[in-house]
Amino acid sequence: MLAEEAALPFPESPCVPAPQPKRVPVEVDEDLVLAAQDGDRAAFTRLYEDFAPMVHGILLARAPRDEVDDLMQDVFLTAMTRLRGLRDPRSFGAWIATVARNRATDYHRSPHGSALPDQIPSPRPIETEAWLILETIQKLPEAYRETLVLRLVEGMSGPEISERTGLTEGSVRVNLHRGMHMLRDALARRRA
Amino acid sequence: MSDYLWDKTGIPDPEIQRLEELLEPLRYRPGVVPIRRSRSRLRYAIAVGIAAAVVVAVFIVRPRSHPWSVSLESADRAIRTAHLRAGETLRTAPGQVAHLTLAHVGRLDVDPETTLRVLSSRSDQQRLELLSGTIHAHIGAPPRVFVVNTPSATATDLGCSYTLHVDPSGDGLLRVTSGLIEFDWKTRRALVPTGAVAITRVGAGPGTPFFDDAPPGLRAALQSYDFAHQQSALPQVLASARPRDAMTLLNLVQTVRAPDRTSVLATLAKISPPPPGVDLSAIAAGHFDTLQPWWNAVTGAKRRPAVRLF
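For the record, the sequence lines run as chains U and Z.
First residue of the first sequence? That's 7 in this note's numbering, and the numbers climb one at a time after it.
First residue of the second sequence? That's -6 in this note's numbering, and the numbers climb one at a time after it.
Hints were generated in silico from the structure; no laboratory data involved.
Quick reminder that beta carbons are idealized off the backbone N, C-alpha and C, glycines included.
A couple of the hints might just be wrong.
Here chain Z is said to cover these stretches of chain U; the calculated rule only asks that three of the stretch's residues, wherever they fall, bring their Cβ under 8 angstroms from a Cβ of chain Z [said to hold, decoys possible]:
| hint | region |
| --- | --- |
| 1 | 57 to 67 |
| 2 | 156 to 163 |
| 3 | 176 to 184 |
Here are the computed distance ranges between Cβ atoms for each label pair [to be verified]:
| hint | chain 1 | residue 1 | chain 2 | residue 2 | range |
| --- | --- | --- | --- | --- | --- |
| 4 | Z | Gln118 | U | Pro165 | 26 to 34 angstroms |
| 5 | U | Pro165 | Z | Leu112 | 28 to 36 angstroms |
| 6 | Z | Pro18 | U | Pro165 | 23 to 31 angstroms |
| 7 | U | Arg90 | Z | Phe303 | 23 to 31 angstroms |
| 8 | U | His187 | Z | Gly293 | 45 to 53 angstroms |
| 9 | Z | Asp0 | U | Thr104 | 21 to 29 angstroms |
| 10 | U | Ser116 | Z | Asp(-4) | 12 to 20 angstroms |
So here's chain Z without its partners, still in its complex pose:
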């Protein structure tokens, strides 16, 4: 048997394809609620009532709420299961971990002493709030469906795995293990790709992301620039940047003061020359929509991103 007949993979069988095309007009059409002609008045009335209710409900109930399935594992390995719905909060005790799953969205591993609240749980948006503690998210949902609020920034999944930590003060740390995460607060926004880290502070939002292996001098200068607002740290950032840190500068060029963009762009162009089509003067003027090809070149993105980044 061809794979195509079983699961529609592999080389399509032309005869099966032809049959599919011919038979497709007979397929069930959603939205058409059949109403019986008549067999008995009572059943007809019931049927019409059901049909009407179905039609109305189809338009009213979408999108519906889906609870997360929770498996709580205590230090003694005892396991409890539960559901977590919108408005509910999960608190893991010391030594206790939780595993949350939701079909079509993904999995969350929750560390001990973590407080996590479900703000909304709909098919088109899963929004959680990490109040404190650590979660490890493995998300397969389409971009921008899975969102986690923290006291100092919001992490929007663009796919697919990351660790997010919030300490009791509300400051946080995002570490992306695979894919790309958008981390934002008010007007500050960071794009954090695989292997990168972003710190966030209450009242300041996310800092400029950097790779985990970034030089200590670059990290220290970024912290001074992002959170201590020391403009004098910018030259140190630029001087410390390796070619691999072009990702950091692509984020930075969007957050520095307008007069500083030129120096950031100059360093960026030196360590990672822009691909054709990137308009440096436009970027210097604050038009960041032409950054996409540069970002693709720097991050090695081979496919067109599923969402607009700039």
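Next comes chain U alone, as it looks inside the complex:
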């Protein structure tokens, strides 16, 4: 029989909702990385889902837009084959960010195809303006353009960018601040 008056401690706890998974989660699931290293394809798929926006943003900041999808595929293919070599599962975000940056660098170093794409879509006017802005961002210094693309295109917040890429919050803040300042100036010059 339970004593109704049982003295149970009342822990203090404000009713604060736990941060729920967003499209870009801010935590690297260590077990997920370990499972993927053991060949768990479902775990790798989940990592793909979680990190695809960041990889997409990093590539978009450095490579022609038409090549980004192909380069993304390269990045995750490389990640899958080299994942076992990653010593610290917690650094998966920083690691795959580096893979993406290196892949973009390789793209610019190597001669790439001159073949025309299968289809040349006619951009809508709003997309034309988006491309012009992206082109302006791509001319900014590397650190700024990557952070700006992740923030403005991929919709990640500063803390998420920091968590995902492994950059310190201070670096991301500075990059966002300076990058935004330079982007405003560049767009104003362009309009003038």
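Following the hints, put chain Z in place on chain U, whose structure we already have.
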């Protein structure tokens, strides 16, 4: 730098918003797995294989299992860490406590001599079974995601902190420190808000919840009514109820026999008049869906509840 640029809080900068809107079409679109046109046949084949596997897996693996992170603290302050997965059981020794955490769900503090099993651990449902002992749950997951089974009732979190105790016989006690918990067994159901307690007994399910400071006469009468099935205790319950105990009567009106609803409603209306829109005759007829505004008024809920309660 505006907060909006950093973490999307504060007053939005119109220029940044405009850039976000313009650039949004360039954003990564989930579900679109790129397939290379061709660079080499072998790599193309590998890539297509990966892409296909990714696509298939995306649809098959959801929702996936997430283990709880466990930190076990012994009487000598030694700390061990582990993971607790679906199907696994945690038993704390005398003098040993455990702290369980799971991202996006919350934290559990487990008292000594407690046996806790993980029944399922998915992103859309975390279901545990408290076989005996005491847990203190601090949950931030959306309502109805975190559920704890006990031998005599099931506690469903509607947000956010409570203590649940099960003694060796399987009887239990739920004490809500913050938020609202649904406590049910078969057809019996109790809504337990902040500061309230509900007793549960094997074979009977949860009793009517009452506030921790409820008069002893009310508590005793509720125990007689809920668990000894003494109909004669109902007048004592109604006579002992203070205005603050309207919460208790709002629970009670749903569990009493149909002929007794009228007397419960009469007392309830006297100690806490119903707000406009509450149809007493409908409630008396067993249609409890109009209780929501009354419940809001009684419990002081200022926001619309995230889940339907009645």
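Residues of the region 176 to 184 of chain U with Cβ under 8 angstroms from chain Z, three needed, outcome: holds (count 3)
Satisfaction of the hinted span 26 to 34 angstroms by the C-beta atoms belonging to Gln118(Z) and Pro165(U): holds (28 angstroms)
Cβ distance range 28 to 36 angstroms for Pro165(U) and Leu112(Z), holds or violated: The hint (28 to 36 angstroms, Cβ to Cβ) holds, given that Pro165(U) and Leu112(Z) are roughly 34 angstroms apart.
Beta-carbon spacing of Pro18(Z) to Pro165(U) - inside the hinted bounds 23 to 31 angstroms or not: About 25 angstroms separates the Cβ atoms of Pro18(Z) and Pro165(U), which means 23 to 31 angstroms holds.
Outcome of range test on Cβ distance (Arg90(U), Phe303(Z); 23 to 31 angstroms): violated (54 angstroms)
Asp(-4)(Z) and Ser116(U) - C-beta distance against the hinted 12 to 20 angstroms: The hint (12 to 20 angstroms, Cβ to Cβ) is violated, given that Ser116(U) and Asp(-4)(Z) are roughly 42 angstroms apart.
Assertion that chain Z covers the region 156 to 163 of chain U - criterion: three or more residues, beta-carbon distance below 8 angstroms: holds (count 6)
Thr104(U) and Asp0(Z) - C-beta distance against the hinted 21 to 29 angstroms: At roughly 25 angstroms between Cβ atoms, Thr104(U) and Asp0(Z) fall inside 21 to 29 angstroms, so the hint holds.
CB-CB spacing for Gly293(Z) and His187(U) relative to the 45 to 53 angstroms hint: holds (48 angstroms)
Coverage of the region 57 to 67 of chain U by chain Z (three or more Cβ within 8 angstroms): holds (count 5)
Checked against the numbered hints given earlier, this structure breaks hints 7, 10; the rest are met.
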